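Number of protein chains: 2
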Amino acid sequence: MSNVEFKIKKKLSGTLGRAGVLETPHGIIETPAFVTVGTKATVKALTPEQVESLGAQVVLANTYHLYLEPGDEIVRDAGGFGKFMNWHGPTMTDSGGFQVFSLGVAFGAKVRKLSKVTQNEIVSGDEIDPEDQAGKLAKIDEDGVTFKSYKDGSEHRFTPERSMEIQHNLDADIIFAFDECTSPVAPYEYQKQAMERTHRWAKRSLDAHHANKNAVSKQGLFGVVQGGRHRDLREESARVLGAMDFDGYGIGGSFDKDDMTTAVGWVNAILPEDKPRHLLGIGEPEDLFGAVLNGCDLFDCVAPTRMGRNGTLHTRDGKINLRNAKFARDFTPVDSECDCYTCKNYTRAYVAHLFRSNEMLAGTLGSIHNLRFIIALVEKMRAAILDGTFDTLKINFLGRYHKKIKG
Amino acid sequence: MSNVEFKIKKKLSGTLGRAGVLETPHGIIETPAFVTVGTKATVKALTPEQVESLGAQVVLANTYHLYLEPGDEIVRDAGGFGKFMNWHGPTMTDSGGFQVFSLGVAFGAKVRKLSKVTQNEIVSGDEIDPEDQAGKLAKIDEDGVTFKSYKDGSEHRFTPERSMEIQHNLDADIIFAFDECTSPVAPYEYQKQAMERTHRWAKRSLDAHHANKNAVSKQGLFGVVQGGRHRDLREESARVLGAMDFDGYGIGGSFDKDDMTTAVGWVNAILPEDKPRHLLGIGEPEDLFGAVLNGCDLFDCVAPTRMGRNGTLHTRDGKINLRNAKFARDFTPVDSECDCYTCKNYTRAYVAHLFRSNEMLAGTLGSIHNLRFIIALVEKMRAAILDGTFDTLKINFLGRYHKKIKG
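Keeping their order, the protein sequence lines are chains A and B.
Residue numbers for the first sequence follow my numbering, so the first one is 115 and each next one is one higher.
Residue numbers for the second sequence follow my numbering, so the first one is 115 and each next one is one higher.
No more than 27 angstroms apart at the CA atoms, straight line, and that leaves these computed lysine-lysine pairs for DSS-like:
1. B/K197 with A/K440
2. A/K197 with B/K440
3. A/K440 with B/K158
4. B/K458 with A/K158
5. A/K327 with A/K197
6. A/K158 with B/K158
7. A/K389 with A/K121
8. A/K458 with B/K197
9. A/K317 with A/K121
Bear in mind the hints are in silico, worked out from the structure with no lab data behind them.
Quick caveat, the model's predicted, so the values are computed rather than measured.
Turn these sequences into a full structure, and let the hints guide you.
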């Protein structure tokens, strides 16, 4: 009996979509759910109470970052990252794989970021030789990865077993198997080799996890499907990992923007239906609709908070940048239909003033709004699955959201 | 009948100290009270609800900064700075004088900052010629001051009438007469000339204020006592301004650290007893005790929040810097006797991690703690005046607070 239990409440007929409930040791997550990112055991610019007030159900921290600072043993001694940061609800940590690789390899331009591309922007790059995959900062071998810290250049090594050990110390409710996140511009042969290695690492992660009875008693382990942009590899990865005893699945790596939704469908058609699926690194409204329709239950992304700190805010009519001069005397809310703290209490003129003045509260108010906007959108998707109005929601929302951008 | 009414509740026998209540259009302020600084219509790193939860009763914004950004007319159109920033309690603005002068003159080292030295650190400097008083960025004449913006070098001009006009636009409950804040290293003759000009400006401020019936109906005006470090000048300033029809008094300018308390006593022995007195720019515990004992009712200072953002936090046993390595594994609260949100929910290890990681929440948690520490201290002073235990409080608090620093 796993400590992480998933129940489907309703399926969206004719699609892979579903609404469910994911039980964790620190509470339930009603799915589909947007997972709030708290990289270093803090959702940037927000208190946990502010995060909770947005309807956030779960916080995901990054293993790579917490390992480097303050160190997973300090987090363990503090009682795990949830207790450390004063977040009492469900928690997740990623495997550390994405940061290790993304800081060591060049990612291609024109390729949709999809995986755990949550901490680093994809940098433009020409096609790279797969031998460069391990790049300057990370070297891959069958056993694991040796990499240099982005902070001080010191050398470190992650293996599946080490990733499990660190994630056990961080003590999140849901943890991820150690995976290789390939560059989207790597050729087919390399993608295949890397995927097969990821499968072996998945098995080793599972074994290492099961060897720790204390961890098994309170942490669920998700495997991570890879395979790049290739249908046969994605389907093979879903089959191989789907046959392993994971509590759920992450879908990592990169896809082309146009085929993301399709590719997610390939994977979810094969993954066990009764297990939750987490699409890593997704947070734009159109992608969320596609992912939900194609059977994903969880999504995380730093985009809402990063944009929120930079002054780019979601509205029902598309994104606006509050640094634009036209907002200096705009005494209306950021989005007059939004129920968030920022929209209920402040004007665009005020928030714009904070951004121009580089005041810290700007990032707080921007993050509150963008997170609430995305969380509320996913809440609406769930409600629409339950009452059978998903198509209407999608058409109405995206029609209006994109109108302004294109118009 | 003024819209700002002060009532003394109890005097501290044998001293100038008193506890009182200051009524303003946006609520009462129980004095002595620490005034929280919200420079640009935001208390840095905090929401107004967080500020209120600390026991803060009143927020002071800086006229100079709001005039430059976003501009006082935008703040006026937003309904005043309190409404603009979503702070519903009492508000104050300073005259703009301090920033105008402090950005144009060299302040001396070894001199206690006292006046509105709230936005800029005093820079070390040799004795300067009084003719340099107007410095590179500010030029003083009888009518007012021409200065250059610290932001873009653009030229601006403040006069007493203009300061009133801007402060009427900002619409705080309590505003200040335009004053010249002299360099503490300026010679006696210059201090005397500047003080006399400040008295003429005080009269012009009063006239300009009274000419605006709408403003008079909802804003109280405080005069600002100057006179540098000279007893005769301070006493003369208190006499001249005390005879004018102000709703209260600010005490500005700089004193030597050692004679600050004494000098404040000279002034308050002369100022009308029934009017509130605001000592500008004070926020260290020992100074607060001295100021309260010598008859001050209000104090403002950016030190608690500035230190809080930098990792220097008050404790009952003196200040600590959380960036110190010894706190990395300290799982106790910042101050185990403190009732603030930070101390109730987080460990030194966690807050230290946030500071080392340059996370925005570090500044928020640090500011919450330091502000609550100072506000709670002033609350205790008020209670001690009311129940006759002020001396005990002072001895016990300062004995312990300084023990660690000196020991």
